[in-house]
Each structure stands twice: as C-alpha cells, then as structure tokens.
Amino acid sequence: MQYLPLVRIYILYPMCQKHHTSQHPSHFEGSAEEQQTANQVQANYLEYIKDFKFFDPHIHMTSRTTDDYQAMADAGILAIIEPAFWLGQPRTGVATFKDYYSSLVGWERFRSSQFGIKHYCTIGLNSREANNEPLAEQVMEILPLFLYKEGVVGVGEIGYDDQTAAEDKYYRLQLELAKEANLPVQVHTPHRDKRKGTERSMAVALEHGIDPSMVIIDHNNEETVKSVLDKGFWAAFTIYPFTKMGNERMVEIVKQYGPERIMINSAADWGISDPLAVPKTAALMQMKGISAEAIRLVTYQNAIDAFAQSGQIQVEDFASGNTIDQSKTFNGNTILRGGQQPRVDKNSLFIR
Amino acid sequence: MTATQAYLANLLEKTATAQEWEWIQSKVQGDLKARQIAFVALPRFIRKVPVHTGGTMATPIQGWELDQWTLDRLARVYLLSHIPNHDETVYINAIEMLFDTAEINELVALYSALPLLAYPEKWLFRATEAVRSNMGVVFDAIAFGNPYPLHYFSELAWNQLVLKCIFNDKPIHLITGLTQRANAKLANTLSDFAHERWAAGRKVPAQVWRLVQNFMNDTLLDDMRRLLQSDDTYNQTAAALVCFHSTYAGAKELIESYPSLRNSVQKGQLQWKQLEVHQLCYV
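First to last, the protein sequences are chains B and U. When we follow my numbering, the leftmost residue of the first sequence carries the number 1, and every step to the right adds one. When we follow my numbering, the leftmost residue of the second sequence carries the number 1, and every step to the right adds one.
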C-alpha cells in the first residue's frame, strides 16, 4: 500500500518528466549507450520480454480499470495477488470491511478472470485502520471466515505504519491467526522510520515463532534489503514512482544480491503508479544483461514459491497462459464458463 | 437422512476418494461454527473433479440438474443440507452469514442449494440478488438447472431472470420451468427488446421466440413476418414454429404463405431443439 505524499508530485513532476529525451539532449546526463537504451525502453520494451511470464504478488486491482487488466494480460502477467489494504480514507464500520473482503474473493476475482489473469488475495487488517481499536476488534472477529477461503494465499498486508501500540497489538494478533491457518504473512513496512520499522516487523514475527520463510517483507529498499535476506525472510520490492523503488535501482539490487528470495511487485493502486511495473522492470533487466533465469525468479517464480506455501496456488491454473477452471470448462461445454471479455480494438474510432 | 441427502451421499461416494468421503462425513456434525468453517475451507480437502451422475438414482427434486457440477460444489451442498434447522432464526442467520462472506464458488454452491434449504420463501430476496449478479457463474447457478425460481419467483422476478439471460446471450432452454412460466408480459417485452436490438443492428437469439407462442397479438405477428422475411434460417424456423403452433388466427394465415416451412414443421423436421445453440454465451 502506498501513501503518496501529493506535495512531492508537484515538486517533482515538472523536473523529472522527460517525455521526449531525444529532443532535450542537454538534460540527459548518461552515456550515449544509455541514451540509446532509454530511447528503446520508451519505444517498445515488450519486445525484450516476449515469451516471459509474470506474477505480480502485490497489486490493488479494485483501484484499477479494465484497460489496466488488458494491458497486464498483453504484457504477460498471468497471475496476481491483491492484498487487502486501506482505501484512501478510513472505513467507519465492520460491514464495509466485510464487503471489501468479499469483493476481493468475489467480484474482483471474476473481473480478473475475464482477462485471463488468475487472481489471488491476502486478507488482513491494515496497519492504519488498526489504530481504530473498537472497529479493529470487530474486524478481527470476521477475519477467520475469510482466511480459510479458496485462493486466499496469506495474511496481508499487515504491519506497522506509525508504529503505535494499537498497530503492534493487531500485527501480533494477526501473526497468530496466520500461524494457526498455516498461511504466509505479507508485511507492509512503514514509509516513515522505515529501517527501524522493518527490523521491528521481523523481530516480532520471530518472537511469535513464525518461520522467516513464511514471511514476505514488502517495500524494501537499498537500506533494508541486506538485513531482510540475512535473516532468511523473503524480500519484496515495490516499483512505484516517486515514493518507492525505481526500476533502474532495482536492477542494481539484483546485480548486487542475486535473485534468491527477492521478488518484485507494482503495488499499483489509486495513486500514480504503474500496473506494468513488473514487466517493465523485467525488460530493463534483460537490456542490462541480467540472466533470463534471474529475471524469471524475481518476476515470477519466487513469488509463487513464497505464497504457494499457503497450499492455495496451483500453478497449472495459469502457467499455460489460460486460466483453467474445471467448473467452467469441463465436458467440453462452455455454457457455464465465466467467460473472457471480448477484445476491443483500442485504436478504433468506432464503439460497437 | 432425507431422500435428497441420500441421493447426494450416493453421488458423493461415487466420485470422492475414501479420504474425501471420510472428511465430508466428519464435517456434517459438530457445532455451527465448525460447519461454517468446513464449508469455507472445503476446497483444501475436496477436489474439483466433475461429478459422475450417470446411472444413479433419479433426482428427488424435479428440475434440479447436477450433471455439470464439480465435487467441491456437491460436497458443499451436502454440508448445507445438514445444517440443523429446528431453530429458524439461528438457521437463517447461519446461512445468511455464509452468503454475506462468500467467494465465487461458495456463492455457486449456496445458490445451487436453494431447492433444499429449509424455510424456502426466506431465500427469495437472495435468489433475486443472484439474478442481479454480474458474476457469470453466480447467475448461472440460479438460472440453470435450478427449480427454485420456478416455484418461488413472482412474475416480475421470473421475467427479469429470463430477460437477463437473453440480454447476456445465455441459453434460456436450460432454465427449469421455462415453458411452464411463459406469460403475456414477457412475450410483449421480448418484442420491445427485439426492436431495440434490430434498431442497433444486432441480433436476437432465434430460440427466444418460443416464449411468445401462446401470447400472439398483432405486434408479435409483425415480428414473425419480419423473421420469415429475413435471410436467417434460424429466424425463419423460429417464426414457422411459433405460427404453426399458435392458435392466433393471423398466425395460421401467415404460415400458409410459406408452405415449405409449414410442411417441415408439420413433419417434425423443424424443432426448437435445433435452435438451442450451446456455444452462444460470452462470445
């Protein structure tokens, strides 16, 4: 989950957006070779990742359009995980939490399937809303009904935001729920005081006897990655403009640490973010000489390995490039299948 | 055990492994919370293989079609049939909670189970919610092979079910009780619907005209004329069948002007079955 400080957009936007690099050569400070690369990136990066498969383990599709789904499918994203998060403003009752969780396993799952993308989710009480204790108590009551559902691959995203006592309380309670349900934990690390918040998230998980291999520490950066990997946790990186990782920096991290236990996500949501962050970063890695196998691990396989520990991911459901659901296609009868959305030609003037 | 439970148990035993069957049997008892969690967690223990319905005993509920079901769906319905119903409030609340928190496959199982739930009239609102759903498989669970709408839907609700089915290019012949509940309002609305589609340059699935046969009037007669004059053989077949079987004087007259079609209907060479197109939906 991303909390975009809007004021920074105003400062950064005019300075950093170079739409036509070639027209402003004086602003470009890289080598000729890098400039060449940069131009190609903008032109047709999909050429670099033609037969790649991607798994985005953190993306908030309820905030995105069908155009995004279509573009993601076209870029090779086969499956995604949508963590339960904050909706941009606080909820006022348990019923809206219930409806939100239901939508993650219901309508959004269906919407995704129409584009051939397999949709999983993690369910949890996010750290911001953990601070509303009377409401948090009620949410904790209904969580078990959702955690055992088909396709729920973890408890998430949970952790610290302001690092208050209430956040700590509900983080711990949810770690216990995860332990009981034998589910992985997807941990949101705070924006402010990040390094200490990340250390605390890991220490508390260990204190509750959770194996680090069952914990995905999210939103890492150059300052947190080493400790996370050294302690045996999964290290997830969010490629998100302005506030999180940029993908050029991401390339350097994979060069330095290798692909083991590292995964990339977009965390795309209602802020200025990019649902194609994973394929774009893969293309950049490919251009910058990172091996195809390493790219496969950080943009696909590691996320699957981490979250499949839930027992809720069957790779054959999406690996072939088609979402397969026995209940929708068996006996060769298509009547009862969920159905894929008909393709619409985006460049056509006509709407039929 | 009721006849329906025995029927479901028989089907389950045929498809489930010994281990799966044992799990199911262990979950039809216990406290309410445990049963609810079992309903939710079921796919962790039960596969989604197709159910073998061939050669089994006859379905105890007429119009309830289980041959497209998967094992997880069948097992969930079986669990639901065992939720104790002696206390109406407790029972209703328990089922409502499952509906309120359900994911897609759970919703499919819940709606499939409506014909066997206790206090059937209490589920009417829920059932119409499934008709309002835009999740294809959820709509299908109430619309096809499910006798609940036939017995409990008002005419308004019934007509919405049929119209939404047609609007979404789904096969209406799979609706249980389709002919039985045909009515004049629906027939007239169908004519309006067809006019809208034709104005937009779109088509109407030919088999829907079977719903107007007993409710002909001059407007519908004009529609039949238009179908007969079209170059679509499905449309011509539909209009010929309607006119031939209608008792409306104008319809009888109209079909006489198409002797070859009339003869084909008379000889049984043309039938609604031929218009039941299976691959139409979601294209």
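Just so you know, these hints were derived from the structure itself, not from any lab. Every value quoted in this text rests on a predicted model; they were computed, and no experiment measured them. The reader is advised that the hints may include incorrect statements.
As the list claims (entries may be wrong) - Lysine-lysine pairs mimicking DSS-like chemistry, simulated, CA-CA at most 25 Å apart:
| no. | chain 1 | residue 1 | chain 2 | residue 2 |
| --- | --- | --- | --- | --- |
| 1 | B | Lys226 | B | Lys194 |
| 2 | U | Lys203 | U | Lys164 |
| 3 | B | Lys288 | U | Lys122 |
| 4 | B | Lys179 | U | Lys33 |
| 5 | U | Lys203 | B | Lys98 |
Hints versus structure:
1. Lys226(B) to Lys194(B): holds (14 Å)
2. Lys203(U) to Lys164(U): holds (15 Å)
3. Lys288(B) to Lys122(U): Violated - the C-alpha atoms of lysine 122(U) and lysine 288(B) are around 63 Å apart, more than 25 Å.
4. Lys179(B) to Lys33(U): Within the cut-off at roughly 20 Å; holds.
5. Lys203(U) to Lys98(B): Violated, at about 41 Å.
Going down the numbered hints, you'll see the structure goes against 3, 5, while the others check out.
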